[in-house]
Amino acid sequence: MRDLLWLVPLLPLLGVLANGLLVGRRASEKTVAWIACGSSGAAAVLALGVIADYLRSMSPRPFDLHLWDWMSPGALPTGGGGGGPVNLSIGFGLLLDPLSVVMLFVVTFVGFWIHLYSVGYMAGEPGFRRYFTYLNLFLVAMLVLVLGDGYASMFLGWEGVGLCSYLLIGFYFDRESAADAGRKAFIVNRIGDFALLAGLFALAGRFGTLQFAEIGSQIAASAEALRAPYVLGLSFAGFVALCLFLGATGKSAQIPLYIWLPDAMAGPTPVSALIHAATMVTAGVYLVVRSNAIFQLAPGISALVAWVGAATALVAAGFALVQTDLKKVLAYSTISQLGYMFLAAGLGAYAAAIFHLATHAFFKALLFLAAGAVIHALGGEQDLRRMGGLWTRLPRTARAFGIGALAIAGILPFAGFWSKDAILSAAAASGSSGHWILYAIGLTTAGLTAFYMFRAFALAFLGSFRGDPKSEHHLHEAPWTMALPLFVLAVGAVAAGWLGIPEALGGENRFGRFLEPVVVKFSGRAPAEHSGLSQAAEIGGMALALALAVAAILLALRIYRAGPERGAAIARRFPRLHSVLANKAWVDEIYDATIVRGTWGLSRLAAKFDAGAIDRGLVEGAGRLTVFGAWISGLFDRHVVDGLVNFSAWLLDRFSRSLRRVQTGAVSNYAFALALSAFVLVCLYAVWR
Amino acid sequence: MSFLAAHGGAILFYLFAGLALAGAVGVVTWKSPMNGALSLLVTFLAVAALFLLRHAGFVGIVQIFVYGGGIMVLFLFVIMLVNLNRLEASERVWRQTPWALLLSLLFAGVVGVVARANWAGVSTSGSAERLRTFGGEVVGNPQALAGDLFRNYLLPFEIASLFLLVAMIGAVVLGRRE
Amino acid sequence: MSLANVWNVGTEHYLALSLLLFGIGLFGVINRRNLITILMSIELMLNAVNLNLVAFSYQRGDLLGQVFTVFTITVAAGEAAVGLGILLAMFRLRQTTRVDSAQELEG
Numbered sequence: 001m002r003d004l005l006w007l008v009p010l011l012p013l014l015g016v017l018a019n020g021l022l023v024g025r026r027a028s029e030k031t032v033a034w035i036a037c038g039s040s041g042a043a044a045v046l047a048l049g050v051i052a053d054y055l056r057s058m059s060p061r062p063f064d065l066h067l068w069d070w071m072s073p074g075a076l077p078t079g080g081g082g083g084g085p086v087n088l089s090i091g092f093g094l095l096l097d098p099l100s101v102v103m104l105f106v107v108t109f110v111g112f113w114i115h116l117y118s119v120g121y122m123a124g125e126p127g128f129r130r131y132f133t134y135l136n137l138f139l140v141a142m143l144v145l146v147l148g149d150g151y152a153s154m155f156l157g158w159e160g161v162g163l164c165s166y167l168l169i170g171f172y173f174d175r176e177s178a179a180d181a182g183r184k185a186f187i188v189n190r191i192g193d194f195a196l197l198a199g200l201f202a203l204a205g206r207f208g209t210l211q212f213a214e215i216g217s218q219i220a221a222s223a224e225a226l227r228a229p230y231v232l233g234l235s236f237a238g239f240v241a242l243c244l245f246l247g248a249t250g251k252s253a254q255i256p257l258y259i260w261l262p263d264a265m266a267g268p269t270p271v272s273a274l275i276h277a278a279t280m281v282t283a284g285v286y287l288v289v290r291s292n293a294i295f296q297l298a299p300g301i302s303a304l305v306a307w308v309g310a311a312t313a314l315v316a317a318g319f320a321l322v323q324t325d326l327k328k329v330l331a332y333s334t335i336s337q338l339g340y341m342f343l344a345a346g347l348g349a350y351a352a353a354i355f356h357l358a359t360h361a362f363f364k365a366l367l368f369l370a371a372g373a374v375i376h377a378l379g380g381e382q383d384l385r386r387m388g389g390l391w392t393r394l395p396r397t398a399r400a401f402g403i404g405a406l407a408i409a410g411i412l413p414f415a416g417f418w419s420k421d422a423i424l425s426a427a428a429a430s431g432s433s434g435h436w437i438l439y440a441i442g443l444t445t446a447g448l449t450a451f452y453m454f455r456a457f458a459l460a461f462l463g464s465f466r467g468d469p470k471s472e473h474h475l476h477e478a479p480w481t482m483a484l485p486l487f488v489l490a491v492g493a494v495a496a497g498w499l500g501i502p503e504a505l506g507g508e509n510r511f512g513r514f515l516e517p518v519v520v521k522f523s524g525r526a527p528a529e530h531s532g533l534s535q536a537a538e539i540g541g542m543a544l545a546l547a548l549a550v551a552a553i554l555l556a557l558r559i560y561r562a563g564p565e566r567g568a569a570i571a572r573r574f575p576r577l578h579s580v581l582a583n584k585a586w587v588d589e590i591y592d593a594t595i596v597r598g599t600w601g602l603s604r605l606a607a608k609f610d611a612g613a614i615d616r617g618l619v620e621g622a623g624r625l626t627v628f629g630a631w632i633s634g635l636f637d638r639h640v641v642d643g644l645v646n647f648s649a650w651l652l653d654r655f656s657r658s659l660r661r662v663q664t665g666a667v668s669n670y671a672f673a674l675a676l677s678a679f680v681l682v683c684l685y686a687v688w689r
Numbered sequence: 001m002s003f004l005a006a007h008g009g010a011i012l013f014y015l016f017a018g019l020a021l022a023g024a025v026g027v028v029t030w031k032s033p034m035n036g037a038l039s040l041l042v043t044f045l046a047v048a049a050l051f052l053l054r055h056a057g058f059v060g061i062v063q064i065f066v067y068g069g070g071i072m073v074l075f076l077f078v079i080m081l082v083n084l085n086r087l088e089a090s091e092r093v094w095r096q097t098p099w100a101l102l103l104s105l106l107f108a109g110v111v112g113v114v115a116r117a118n119w120a121g122v123s124t125s126g127s128a129e130r131l132r133t134f135g136g137e138v139v140g141n142p143q144a145l146a147g148d149l150f151r152n153y154l155l156p157f158e159i160a161s162l163f164l165l166v167a168m169i170g171a172v173v174l175g176r177r178e
Numbered sequence: 001m002s003l004a005n006v007w008n009v010g011t012e013h014y015l016a017l018s019l020l021l022f023g024i025g026l027f028g029v030i031n032r033r034n035l036i037t038i039l040m041s042i043e044l045m046l047n048a049v050n051l052n053l054v055a056f057s058y059q060r061g062d063l064l065g066q067v068f069t070v071f072t073i074t075v076a077a078g079e080a081a082v083g084l085g086i087l088l089a090m091f092r093l094r095q096t097t098r099v100d101s102a103q104e105l106e107g
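Residue numbers (my numbering), protein chains in the order written: chain A, 1 to 689; chain B, 1 to 178; chain C, 1 to 107.
Treat each hint with caution, since some may be false.
Which stretches of chain B does chain C cover? Using the computed rule of at least three CB atoms under 8 angstroms from a CB of chain C, they are [to be verified]: (1) 28-36; (2) 46-60; (3) 67-80; (4) 106-112.
Since the hints were derived computationally from the structure, they do not count as laboratory data.
We put the beta carbon where it would ideally sit given N, CA and C, even for glycine.
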């Protein structure tokens with residue numbers, strides 16, 4: 001079964017081709033939906049089969065399906081940094097190991113349910129077919145990303161999801177906000193990709209390959225050499241780790257490249273659910289975990305990762321606190337939760353990071369889809385201040401949202417509790433300096449998360465309806481295509497965490513153990529997991545976090561259950577803080593003033609140079625030179641060539657004028673000439689004799 | 001008497017030579033072509049006599065018949081036909097006259113010089129006997145000539161007759177009135 | 001052999017005469033304007049040639065010269081006939097026998 005691994009990304013690709021090329025413009029929505037959901041569903045089923053096959057074999061060895069040699073340029077001119085000359089060979093293939101199994105499940109499972117949800121959500125939209133083509137294409141790219149057996153294959157998927165993200169964010173391309181958001185996402189991503197590529201080039205140059213397995217074995221062999229100073233004061237491992245992390249910040253919306261994610265909410269809500277919550281944004285985390293060997297060899301960079309993650313989590317949570325748009329709350333929430341994952345990864349708790357990635361996929365997708373249902377029911381209203389009292393009006397949607405909120409807040413026994421606890425424990429148990437500060441930040445953020453989530457919940461579902469009558473009239477529960485995915489994801493949000501119940505609480509930490517083989521073990525260093533903490537400390541930590549979360553929830557409900565007024569009053573008491581948070585610390589504006597305008601200025605300068613020096617100077621100069629050359633040539637032609645011709649004609653004329661006189665027409669003259677010639681001949685004869 | 005017998009031939013020669021020359025000069029001098037034609041006749045006859053002096057009997061008679069009797073008559077007929085008595089005052093061709101004179105004299109002179117140069121040791125007396133002999137017999141000049149003509153030069157003879165035929169046709173065609 | 005030998009007339013005397021006649025004829029051909037006169041001068045030249053031939057025939061004792069003469073006379077007759085025919089044609093066309101009346105071919 002696992003041999004059919006290559007079929008998994010192929011099925012959605014067929015869906016893309018079918019919907020994109022074969023299906024006619026006037027095909028029914030049903031046809032398009034069947035093709036799209038069918039292909040993604042088939043891929044999901046197949047994925048389950050592959051995973052089952054893999055699990056059953058219990059083989060710790062990864063299953064590498066090498067598909068073809070992509071580029072094999074051969075020997076590189078520069079040596080392998082200390083080693084001998086390097087032979088470069090880059091291949092494309094698919095890999096099945098614990099990490100990719102987890103990602104595969106998340107992507108196909110959540111992906112399929114969101115496809116189904118989209119059928120209901122996008123019903124009646126003019127770009128229905130285009131949407132599903134892009135959505136399927138995204139699935140293909142994401143699968144290539146997570147299943148790739150090397151950085152090259154992964155990068156292929158990386159770029160592919162970036163493209164699909166652009167296409168889908170800017171789906172409503174006639175809206176300026178959407179078009180701008182799509183562009184912003186793509187460009188910011190590109191900046192991260194630049195760093196990522198630098199890292200990949202370094203890897204390829206040093207190891208001659210980009211396959212995970214081979215790089216892994218080479219790293220194991222030359223671990224010490226990789227710690228030697230390389231460039232910019234960093235070791236080789238540090239440099240590569242930094243480059244990879246910068247790429248990850250772009251894709252996973254961390255500081256400093258997170259600015260595109262809130263704007264990306266201009267796209268359809270299912271897109272936000274799938275791409276900007278569950279899958280694409282997690283690619284950065286996947287990258288870091290996949291490269292854990294390199295990060296372990298660069299402790300400085302790993303620390304950077306952890307701190308950046310923690311800072312991002314805190315700051316984003318703060319921003320989420322004051323958002324009035326429901327989707328923006330969820331967007332900042334995503335950034336914040338991603339920060340948690342990077343915090344874990346930076347601390348070496350790679351399994352915890354992936355654990356949280358998986359649980360987050362479920363409850364964040366759930367939250368987004370529920371939000372989408374609300375917006376859909378209200379006919380497009382997204383402002384929390386104009387919602388309210390929907391608990392009774394949209395019971396199923398409200399309950400789904402509630403479950404998601406509880407999960408993200410980290411309430412026992414929902415999924416988020418377990419994964420967040422794993423991260424916090426890792427922070428507490430970590431040996432790196434300042435880990436208590438990290439723990440504190442993580443804890444605080446957990447509280448903030450619970451608070452802002454239930455603020456949103458209260459504003460949307462509690463109290464009385466504050467919207468305008470038109471939206472109210474529009475209210476209706478979601479169709480089954482939207483309700484069913486909500487239900488399924490809610491189940492996931494509840495139960496997904498149970499795979500990772502730590503030993504401390506009696507569980508077997510199946511999840512952590514499952515992912516163990518992925519983490520490279522260097523002698524003398526043990527990755528920070530649940531180990532290190534005593535059982536008491538662990539339970540204590542759990543209790544502390546839980547209490548904090550519950551308190552935050554109650555506080556939020558109290559403040560906001562009747563509407564935004566009480567919250568606004570509190571905000572007025574801290575005007576400066578509120579202003580900073582509400583304006584997102586003016587980060588966008590700062591970027592715009594410096595980088596964006598700087599680039600524009602540079603472009604204008606370049607354009608002026610091009611128009612002036614090159615266009616006017618070179619091109620026109622070349623033109624004038626040519627004209628001048630032609631003039632000289634013309635001169636030559638007129639005087640020399642024509643002169644020769646005219647001269648010969650003149651010569652001919654002069655001669656013929658003289659010679660003409662011989663032809664008198666008078667016979668006697670001719671007779672005379674005859675006689676004269678005869679005479680000359682006779683003379684000649686005489687002389688000769 | 002013996003003077004005449006001894007030098008008669010020479011005297012006759014000079015006589016006829018003078019006549020021929022006079023006639024020739026007359027041809028190119030007379031303004032009226034009629035007079036020129038008659039002058040030419042005199043030349044013809046003088047030349048015929050000169051032929052006879054050189055024991056070319058047949059040729060001499062033929063000269064009289066053909067030239068004097070045929071060609072001359074032809075000329076006179078044509079002159080009368082075009083009624084050229086009233087001849088316009090034909091000025092000489094522009095300044096060609098002195099040149100023509102010079103050329104003619106030179107021509108004659110050069111040829112003469114050349115001719116003389118090749119004559120070392122050649123007898124110029126000649127003999128008449130051979131001109132009368134044919135097949136070993138002395139038969140007279142016409143017979144001898146005929147024998148030679150009709151045996152050795154038959155082909156040219158026939159061609160000559162053909163030529164005359166063509167000339168006759170040509171003359172008839174040209175002289176036709178349209 | 002010498003021309004100075006007045007009383008012993010030899011071939012050279014005939015030759016001299018022939019040359020003179022030829023020269024005079026040549027002069028006439030070149031110099032005169034009337035076509036009739038030109039034709040007559042041509043006849044004169046031919047006669048000079050005949051004289052030459054006969055003289056040499058006598059000197060060599062060979063009949064070849066005379067045979068040649070016969071042919072020359074034949075040709076002269078034919079040529080005179082045709083020439084006069086041309087003259088007639090020209091006269092009918094131009095009402096004149098002046099040779100310089102036909103100068104269209106001048107260049």
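Each hint tested on the structure:
no.	hint	result
1	28-36	holds (count 3)
2	46-60	holds (count 8)
3	67-80	holds (count 7)
4	106-112	holds (count 4)
Comparing the model with each numbered hint stated earlier shows that all of them hold.
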